[in-house]
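One-letter residues, chain by chain:
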Amino acid sequence: MRPAAVVGTGQTHHAAKRLDVSMAGLCREAIDRAMADAGVDWPDIDAVVLGKAPDLFEGVMMPELFLADALGAVGKPLLRVHTAGSVGGTTANVAASLVQAGVHKRVLAVAFEKQSESNAMWALSVPTPFTMPVHAGAGGYFAPHVRSYIRRAGAPEHVGAMVAAKDRRNGARNPYAHLKQPDITVESVRASQMLWDPIRYDETCPSSDGACAIVISAEPTSSRAAWIHATALRTEPTTFAGRDQVNPRAGQDAARALWKQAGITDPLSEVDATEIYVPFSWFEPMWLENLGFTEIGQGWKLTEAGETEIGGRLPVNPSGGVLSSNPIGASGLLRFAEAAMQVMGTAGDHQVDGARRALGHAYGGGSQFFAMWVVGSEKPA
Amino acid sequence: MRDVAVVGFAQTPCVRETDGTTNGVEMLVPIFHEVLGGLGLTKSDIGFWCSGSSDYLAGRAFSFVSAVDAIGAFPPIMESHVEMDAAWALYEAWVKLQCGEVDTALVYGFGKSSAGQLRRVMAMQLDPYVVTPLWPDSLGLAGIQARMGIEDGLWSERAMAEVAARSRAAAMSNPLAQLSGPVSPEDLLDEPYVADPLRRHDCAPITDGASTVVLAAGDRARELCERPAWITGFEHRVDSPSFGTRDLTASPSAVAAGKAAGADGVEVAELHAPFTHQELLLSQALGLGDITVNPSGGVLAGNPMFTAGLSRIGEAARRVHDGTASKVLGHATSGPLLQQNLVCVMEGRD
Chain A
1 MRPAAVVGTG
11 QTHHAAKRLD
21 VSMAGLCREA
31 IDRAMADAGV
41 DWPDIDAVVL
51 GKAPDLFEGV
61 MMPELFLADA
71 LGAVGKPLLR
81 VHTAGSVGGT
91 TANVAASLVQ
101 AGVHKRVLAV
111 AFEKQSESNA
121 MWALSVPTPF
131 TMPVHAGAGG
141 YFAPHVRSYI
151 RRAGAPEHVG
161 AMVAAKDRRN
171 GARNPYAHLK
181 QPDITVESVR
191 ASQMLWDPIR
201 YDETCPSSDG
211 ACAIVISAEP
221 TSSRAAWIHA
231 TALRTEPTTF
241 AGRDQVNPRA
251 GQDAARALWK
261 QAGITDPLSE
271 VDATEIYVPF
281 SWFEPMWLEN
291 LGFTEIGQGW
301 KLTEAGETEI
311 GGRLPVNPSG
321 GVLSSNPIGA
331 SGLLRFAEAA
341 MQVMGTAGDH
351 QVDGARRALG
361 HAYGGGSQFF
371 AMWVVGSEKP
381 A
Chain B
1 MRDVAVVGFA
11 QTPCVRETDG
21 TTNGVEMLVP
31 IFHEVLGGLG
41 LTKSDIGFWC
51 SGSSDYLAGR
61 AFSFVSAVDA
71 IGAFPPIMES
81 HVEMDAAWAL
91 YEAWVKLQCG
101 EVDTALVYGF
111 GKSSAGQLRR
121 VMAMQLDPYV
131 VTPLWPDSLG
141 LAGIQARMGI
151 EDGLWSERAM
161 AEVAARSRAA
171 AMSNPLAQLS
181 GPVSPEDLLD
191 EPYVADPLRR
201 HDCAPITDGA
211 STVVLAAGDR
221 ARELCERPAW
231 ITGFEHRVDS
241 PSFGTRDLTA
251 SPSAVAAGKA
261 AGADGVEVAE
271 LHAPFTHQEL
281 LLSQALGLGD
291 ITVNPSGGVL
301 AGNPMFTAGL
311 SRIGEAARRV
321 HDGTASKVLG
331 HATSGPLLQQ
341 NLVCVMEGRD
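Protein chains in written order, with the numbering used here: chain A, 1 to 381; chain B, 1 to 350.
The following block holds chain A by itself, in its conformation from the complex (with noise of 0.2 Å):
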């Protein structure tokens, strides 16, 4: 495999309603921040990957089509990606092999979900045969396996509320994200409204219009480039009788797969900064152990212990995460790109000191579909 890196990185502004854009202005926004990122200009882009989830979210059939023009695409390859919230993760390694096949040199991957044109809420109640209908929404759907991994684990109440406050402490340092609130408290995150018992309402994702645009290119176009050390895709189905939910199979062996292939034989003392898919708090502590972080029952540990803390021994989510900003398409891409700016050096005042590995994650539909990658500031030997 040829190797190849993440050398520019863009993002919209991140909002409940971007009225002032179209779904093409907001992806030209991320675009053209990447491709300024890194410094290339449409002749040096071989093809284009644009990941979206369902299309009922705004109501359109395939919009990469209508979207040809904006996406800078007419006249070369397109594809576009959809595995559900994963979708961004994915779209960033479907990409990523375009160029490690040595089919492309440079690759532009976009991600984008603009939910205020359409209902999320009905685009995902539409009733269909044989399967159990989600009018409660995701949080409904995922309280059950939150409520079992607190059981399971014996993880006291408070740790959700700690991830909740602490992302949503990041993402007031990052001028992109949707949320921001410097001033939320373990304290106040615990009295805000029940939503779906364990899930209050601070410790749930918001719903956000927002883009995401990475360029991949087989060489650097500056001093700078995040190279991709390994790229992991599992899949399993929704529901089986013996499926565990909490601890699905599928991320643990996307993980095992992803490790192995970045030569990480100890993920917790040899990544330095991490970006997981966290659109309910709890989420945290439940990958951490499903991604091999600690072992079974222990991943609350190390929240608790203030160790995912930017600062602390494995720093997840310093962008503020899935909880402070879900454009749900570009969720996952914006973690792959976040992992690439801690590596790249670029993330400002959320950057990680000295952060030279680190892990994009996402999942989708019921906990079944799986994205990760590691990139790191050096060359894979």
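Quick caveat, the hints were computed from the structure, so don't treat them as lab data. None of the values given here were measured: they were computed from a predicted structure.
Lysine-lysine pairs mimicking BS3-like chemistry, simulated, CA-CA at most 27 Å apart:
1) A:Lys-180 to A:Lys-17
2) A:Lys-105 to B:Lys-259
3) A:Lys-105 to A:Lys-379
4) A:Lys-260 to A:Lys-105
5) A:Lys-260 to A:Lys-301
6) A:Lys-260 to B:Lys-43
Starting from the structure of chain A, add chain B where the hints point.
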């Protein structure tokens, strides 16, 4: 580049309506069984899975998720999905094989057009701010393209009827075709218009269906298939969506993809042309001359949305597998009026 070949292909019958649920994933189980069984493989032998389908066709978000159940994907699999015709999923799988991470891939696509009103659903593909609110009918749009070509002298209603007659005749040897039989262009020209200058036979039928293709690299392909269809060129391009700025009688994306993929010298081509005039346009764009086009009957004999392009590649590969051709072309299109085009050139080696 690594040597990668199409080694297996299976498809459902093309039918007007299946009994299955709205997304149609039930169609997948028998064809997975057929394609894997034919190669002596099980699902655990597949390194990478990729699919193509559409949420809007199924009228539901995440319609592809149920397909994971049809696979029986436990232990977990390495998998991805494109919201496009599955020919593009095949492209993604081919790239994955080029990375050297895996040696086999299974690609599938499925579409149940009968779940909704296809003409109206397709209007959702257009610019949502300025075009979709007018709800242009997909047959009406194709009619504009056909009319422009007629007025430019590029094709005629008779030439279009001849394409339809040839498709129906060719489909007589295809037991999975939805429409087949001997018809004369004269009789077809007596039929009324559905969207002037298009008559019913000028338009692909509304079809439910699914198909699957297996790819393998190098020696693995030689083990699995006596005469693999080696992919020697695989390219796709997109044109502007703007009808007003695009020459609707040309297809720059098809021309560019055909040239880059090395379409010269193919003996058989399976073209994804949902309208008769589009077959004429594409034959020209790809420089096909007088070769055999659509020996399966093409999509005018059955057009399972989101897998019809993949089926074209499978049908073309089959001509290499059975030794009737040594260089073939499979083509897929997507988007309104041939906006996006993909060309896969395959060769047999003796």
